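Visitor: What follows is the residue order along each chain.
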Amino acid sequence: MIEYAARRLAGLLGVWFLAIVITFVAVQFVPGDPIMALLSDRSGDADLEARLRADYGLDRPLPVQFLDYLAHIADGTFGLSFRFANTTVFDVISGGLLISPILAITAILIAVPLGVVLGVFAAQRANSWADTAVILGLVSGISIPNFAMAAFLVYLLSIKWSVLPVAGWGTPQHLVMPVLILVIPPTAYVARLTRTYMLEVLQQDFVRTARAKGLRERLVIYRHALKNTFVPLLTTVGIIFGGLLSGTFVVETIFNIPGLGRLAIESIFARDYPVTMTIVLLFTMFYSIINLIVDLAYTALDPRIRLTNTKA
Amino acid sequence: MASGANTLLDIRDLSVSFAGLRGSVTVLHDIAFSVKPGEIVGIVGESGSGKSVTSLAIMGLLGAQGSIESGSIRFGDEVLTELSPARMREKRGRDMAMIFQEPGTSLNPILQVGFQIAEVLVEHTGADLQSAQRRAIELMAQVGIPAPEKRARDYPHQLSGGMKQRIMIAMALACRPKLLIADEPTTALDVTIQAQILKLIVDLRDELDMAVLLITHDMGVVAETADRVVVMYAGQIVEQSTAERLFTRPTHPYTKLLLRSIPSAHEKQEVLPVIEGTTPSPSDHQPGCRFAPRCPIAADMCRDPSLSLVAVAPDHAVRCCRLDAARELDVTRAVEAGL
Amino acid sequence: MAAPSTSQTARPGSDFFLRFRRSRNAMIGSVIVAFVVLMALFGPLLTPHDPVKVNVLASWRAPDSTHWMGTDALGRDVFSRIVLGGRVSLIVSMSVLAVTLTIGTVLGMCAAYFGGWVDALVMRTVDIIFAFPELIFAILVAAVLGPGTLTVIIALSMVWWPGIARLTRSLVLGLRHEMFIEAAIVSGTPAHKIMRRHFLPNIVAPLIVRASIGVGFIIMAEATLSFLGIGIQEPEPTWGAMIRDGLSQLRTDPHLALFASLALGITMIGFNLLGDGLRDVLDPKVRN
Amino acid sequence: MSAVPILRIENVTKDFQIKRSALSGENLTLRAVNDVSLDVYPGETLGVVGESGCGKSTLGRTILQLTRPTQGRILFDGNDITRLSRKQLKAIRQDIQIIFQDPYSSLNPRMKVRDIIAEPLENFSSDRSAITRRVHEVMEIVKLPVAYADRYPHEFSGGQRQRIGIARAIAIRPRLIVCDEAVSALDVSVQAQILNLLKEIQRETQVALLFISHNLGVVRYLSHRVAVMYLGRVVELASEQALFENPKHPYTSALLSAIPEADYSRRGTRKYLSGDIPSPIDPPPGCPFHQRCEKVQDVCRVETPVLDALAPEHWAACHFPNVSDKGIRDGA
Amino acid sequence: AELRTNINADPAMVDPITYSELIAGDVMANVYEGFVGLDTEGNVIPALAESWEPHEDGLGFRFKLRSGVKFHSGRSFGAKDVKYTFEQLLIPGNRGGLNAEYLDTVVGAQAVKDGKTTDLEGVTVVDELTLDVRFTKADVLFPIYPFYFMDAGIVEEHGADWATKASAGTGPFKFKAWNLGRDVQLEAFADYWGGAPKIDGVRFLIVPSGDTAVSMYEAGELDVVYVDTQTIRRVLKDPQFKDEMLTAPAAQIRYLGMNQNLYEPFKDIRVREAICIGFDRDAMVDGLYDGAAFPLYGQVTPGVAGYNPDLPAIPYDPERAKKLLAEAGYPNGEGLPPIKVTDTEPNKNDITYYANQFSSVLGMPVEVEIVERGSHIKRMNAGEVPFFPWGWSAGYPDALYFLSQVWYGPSTYNRSRWQNDAFDALIEEAQGTADAKARYALYNKAEKILLDDWGTCPTTVRMQVALVKPNVEGVSLTPFRFLPFGDAQVTE
Ligand SMILES: Nc1ncnc2c1ncn2[C@@H]1O[C@H](COP(=O)(O)OP(=O)(O)OP(=O)(O)O)[C@@H](O)[C@H]1O
Ligand SMILES: Nc1ncnc2c1ncn2[C@@H]1O[C@H](COP(=O)(O)OP(=O)(O)OP(=O)(O)O)[C@@H](O)[C@H]1O
Ligand SMILES: [Mg+2]
Ligand SMILES: [Mg+2]
Ligand code: NI
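Chains as they are written, first to last, in the working numbering: chain A, 1 to 312; chain B, 313 to 651; chain C, 652 to 939; chain D, 940 to 1271; chain E, 1272 to 1763.
If you're looking for bench data, these hints aren't it; they were derived computationally from the structure. Quick caveat, the model's predicted, so the values are computed rather than measured. Glycine included, C-beta positions come from ideal geometry on N, C-alpha and C. Some hints here could point you the wrong way.
Quick partial rundown of chain A residues pointing at chain C, CB under 8 Å, derived from the structure [claimed, not checked]: (1) A126; (2) N127; (3) S288; (4) P303; (5) I305.
One chain only, chain A, in its complex shape:
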């Protein structure tokens, strides 16, 4: 187990390196480049372009640029931002570093229990109107575009009733609406999957055994049945994290939160590659660590699963 974890951790370094390579290569293909974005209307001025290119080191061969980027990763500055003059990438991102993870984790912490409860509720009443109603409710929840939902919430809570701030970051109140928006899709997803897994598990013999033991229904459901759905559910949580961090981009824009999701997209548009690449790298690290935890948790959750990288 520990050995496995160690090996996976080592593997992660490889993943991260590859992620760096891939982003680096990919940005070379993205139409437009930082200098053109900088030049804006003045692009076409070949002298100026060449000068700027030289200033930013973009006239050097790609491998050199890549090594340079690696060196900047190593020194912790992650290089200089293109968009912000004389600012290191670290300075650009440090303010918003924790925002997206906080949003994502808060949302997950709410969405998963909520989804599980709803899913269990639906599973227990499979093929009844209550079941159909839960599905309908959840699916309508996710088919309302988050922008629309946000507009509605803002109108109601901020403008009409003035109970919450429209936008910004810093106080717990600022967290309410973004999280509310973020919570809906994963809740729906978790609930739907829970229902499925539960229906499967509820038919197993050991659930009957649990009932035969006279356990309270709550224990039967949550201890015996639900626990057996944790492996795929946990996987789902890992997958949802992927969606969520992207999702934070949307709420960060709507609610004007200075997080990395928003910054990532802005940077892409501004062709601020050092910033883009760094955020991607951070997200990559974040996800892959979450997924590593998920993988390690498999063994804890299901003793039958052995995670062995066969020595062969």
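Since the structure of chain A is provided, determine the placement of chains B, C, D and E with the ligands on it from the hints.
Guide: Below, chains B, C, D and E with the ligands without anything else, positioned relative to chain A:
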């Protein structure tokens, strides 16, 4: 049937059906028998004849597809078929416990077996988890699991078939129930452990006046432990009597043929006598005697739908319309005749 | 021997329809999906207006008797566009689902079943793609490929398969030690067949759920891509793009976003009900 | 019985690592099978009996390469199959089958019985109609109504499920079947039918059976030779007759005397073993049976007895084997 | 009190040297000043220069600078600071931004640019408050170029990276803090020469979504909002904003570029005319822009000096357009090769309209193409885009900005590559004509040449919209966005 005031379990005219895609199939028909406290009642019979379904019906665990069509199950002063689910739940595990036939799938794969036993105690005795776990280890020792302190922390897949079965047994016995339903409790056990388990059950019976419904294919086990025996065939009871009478004077042709089919460890048999033919599937049960198609003494009258259990002696009832012929039937010859 | 009874012999497959008819979710879902698909197929032939005909003087009309769902910023008939957009959105989402489900389940099953380096290879690939924020990865892919419908399909497929693969893997990991898998191995069943016949049917339910919930996400993701200028190009309507265009006018002219969302919502509800229904139908242990 | 064994188990040992906690890294080793050597000949039934948990199923599973042995070789037809790759193994799958101890969990809940039974056939043939015919044939052989072919496993009773498993195993006409408690869930009449059937098949096809069972009557009925296992080891190996009539190992004797008889008159005459049941996690030193043995001597507590030929074709691992009536060897 | 307003992204910089984009300009206009400023009508008024005299030969100016002006550091402003600013803009390592371009004609500029010297020869500090500038060729507009003069002592005091630590301007507000992604904060400069601001400071909140900004305004989280084009409709339609709205036409010409080198039929003036009368400006104004725009008939916008209000309207005349096409040999568009009309995503409605209009009215096979902005600009500048709507915003209030940059032959920004010698000659003449009236006449003449040749299709001028809370006074919106908030007042 004996259903005096002092019966613990009294089943009357129980019919159970399973919903299928194309309508429901009745798999139990008018089952009626009773169990007194301290009594061990063996249920034997054809595979698929409804033994497990009977026990599940008693436990109220038929599942979503099964339903009790008619009849009643009385347990002590209460009619189980009318109890609220909550009340039923309280009874399960505490007053009546069940050992399931399939230990492989009946244990929760992701919980430690010791915990699975302890859980019952926590639920019904209000014990704290720690003392319950200690008690679980004791129980595991009682059912003959070596090194129980270590094994308690195993997961089911780490145990052998017999061990899982013993865990099931320990679980069922944990609360010292008034009624123990044991569905094939010892099939996966070697005879020495089997003997130990049976002794444990008998001892508990003696000590607690526990009633036992013992479902098994092992006639030896029945003969050894049961006080009374119910023989089932195709969803019906075809014969029931005291164990002694049943083994010494079996009456129904099926019972007789059944007893003939037991392979013995005391002598080498060249060919085992069998009952030719197959059990009818529940969906095409014919009226009258269901054993008739395979019965060496079957006659036209066997198709009479009014056939019912007839008392042939005190505490001995048989479902056969040709009782005399049945009594006369010499199964040895019938078998040799190749029926 | 007992003659096989008529009640028990049934044509294989007929079970499916019997079960299907029993499942409320499946029935409602399939009716909705059938409606949506038929609209997408034949609707454009029947629409009252030309969906790409611009009339700026008639922009942002509220719904009335000529324009049942009003008009958009360029005065195009929203109803006609929703009907036509459904076609594009469905093609995109169905293609992406087909591609990702295939790749994801196959690779996920291989990873879990073979373990070792196969697992390591697949899962690390998954990790890499997966680790990228979905959108960013899609943007990168799309940016490399240039805009267009095919790009959208490829980009979204690239983003989507790893999730399916991971899910599949975790499900298979849970099944791998089941005795019936060992039984199949012992029967000499080749790996691909074990996957198809033993793993797949036992994991298909959650996959269906994921797929059915994915329909909406994919349609919206397409909108995001086209928003970034790498998606499906004007004047071709897609629901996602319509919703997105309508959002900026939510306070003043909500009908565009509203009706497009409604179309998406109904479709999603249809697919999700159908998905849950299918789950029930595919489960041999029917409940009534 | 031919002289060339179809299956030769050579010094097979199987250890399981039991992880106690991920953090402490504390590991226990459980030796489920300990240095077992056995031969099985074509047309022969080798009965395997023994303590529950003594490693019978594990032995069976190693034969099928469902788990690889920690040590030792398994030769099928003279070829070591422990070293075969997945691909090479496939070829021998046609020849070795297993009937699992746990009938229900070995059936895919989402497959119809028809498909479950057809599966091994389909892997080695593509003639659909022949397969269907064979499926119906074996269903009749195991006394399952053909009408049940389109049902799913959960709709069957325990015994019926077991018959599905048997049908699957015999369908392909293997040369060796490992029967792990193959008939334990069957009522005696069906059991009798199946046993006769196995015998008949064996007579016709010379299939070898490794018959694991707790039911000594059944074992006796079917077996030519019987191996008795205890705590992962073979403690006695002899012909059926010698073993049942003249057991050498005290554990065998204990087993035989514990058999419940369907004879009401003999009720309550059984002998029970007492003493601690040893655990494979920390096996006792010396003879594994010494804690429960009536005849235990000091030497038994220290020295592990080896399998010894006590008579022609009769081996036992005991320091003080039972004296036979023929008096081959004195107990002292 | 503090005035809270919005900007839709982080400024790329907050220093006057590298300054090169709009958002930074919004912020810096409050911190820095040049020779001149604008009044509430958008007219040029003297700021740090009190007056200026052209040199006799027309190749230079002598500026008399305002006395008593203090930098935020407390140092006094003087001629040396102007010279210092000019040099800093030109020194290559400094990456001088937009304002560096205005120095092209200054004597010695090239030498500094080339790194040969750091001393700008053409600029002389005559005395503390007198500055002399000499040109290589006439540049009559030099005094109104929007420079941002900076404190020459700042680097010495705070080091090379002073920009985010200190404030180096003379404007009504001092730079206080910039929280990336959140806000830029300015505080009132009590010693401002024009009188201390009546507010404590200005906070520019970074709000990328225009919709969110208006919602924040509605909820009282912003006092002043510059409404982005996407959100204008919401503001116009909501009666509650009626009394809080400021509007002003943007100083931005918009046109439909037709590159005659890339699409053969454009060489035919009839085709060009057909296109220009083939779409309906009024319909665009009402339909696409919700009335927040005006049809544009020339290439100078109202509010910019030299605007000709008497230009005839360009009609929407599909019949005539068809006829013209037929005369040119393309009846019903037959024979016209396919062409794409190209723009970036935010303008996709416009090109969809054009494409639809030209294909359905004229039968011209036009498709839309949405592209990435940076590369699009590069291709346009390189003259590689055949058919595109685009705009050009004035950097200072004089028509020459449009005419000399967009339509003057040698200009890099002549993206449709229209070329006319007479036009170019008029522009060159105007650059040397100090007299405003005479110059404006030249503009009008040149503009007429351009229009008569249908070298461009003027389209529309967009209207800027801003919202100001009733408790805020003294905020003015000009064609060049907000005036500095120095006169703003917030009452509780
Ligand atoms: N869920 C179910 N759906 C449909 N039929 C069922 C179901 N469960 C059991 N049956 C049927 O009910 C009948 C009785 O089954 P039951 O399990 O009680 O048999 P049994 O007597 O316990 O047999 P065995 O000794 O083999 O365990 C069988 O024919 C079986 O096919
Ligand atoms: N996967 C496993 N992990 C750990 N221990 C195991 C595993 N499988 C089996 N064992 C252990 O190996 C020993 C032998 O098990 P096995 O199943 O072979 O016994 P058996 O002889 O078949 O018993 P039974 O007759 O009860 O089925 C047991 O102690 C069991 O707990
Ligand atoms: Mg049963
Ligand atoms: Mg076993
Ligand atoms: Ni028949």
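Visitor: Could you run down the list of hints and mark each one as holding or not?
Guide: Against the structure, the hints:
Proximity of A/A126 to chain C holds as hinted, the smallest CB-CB distance being about 6 Å (cut-off 8 Å). Below 8 Å, beta-carbon pairs count as interface contacts, and A/N127 has one with chain C at about 6 Å; its hint therefore holds. At about 5 Å, the closest approach between the beta carbon of A/S288 and any beta carbon in chain C falls short of 8 Å, and the interface hint on this residue holds. Because the smallest distance between the Cβ of A/P303 and any Cβ of chain C comes to about 10 Å, over 8 Å, the interface hint for this residue is violated.
Hint on A/I305 holds. Least Cβ distance to chain C is approximately 5 Å, under the 8 Å limit.
Of the hints listed earlier, the one the structure fails to meet is number 4.
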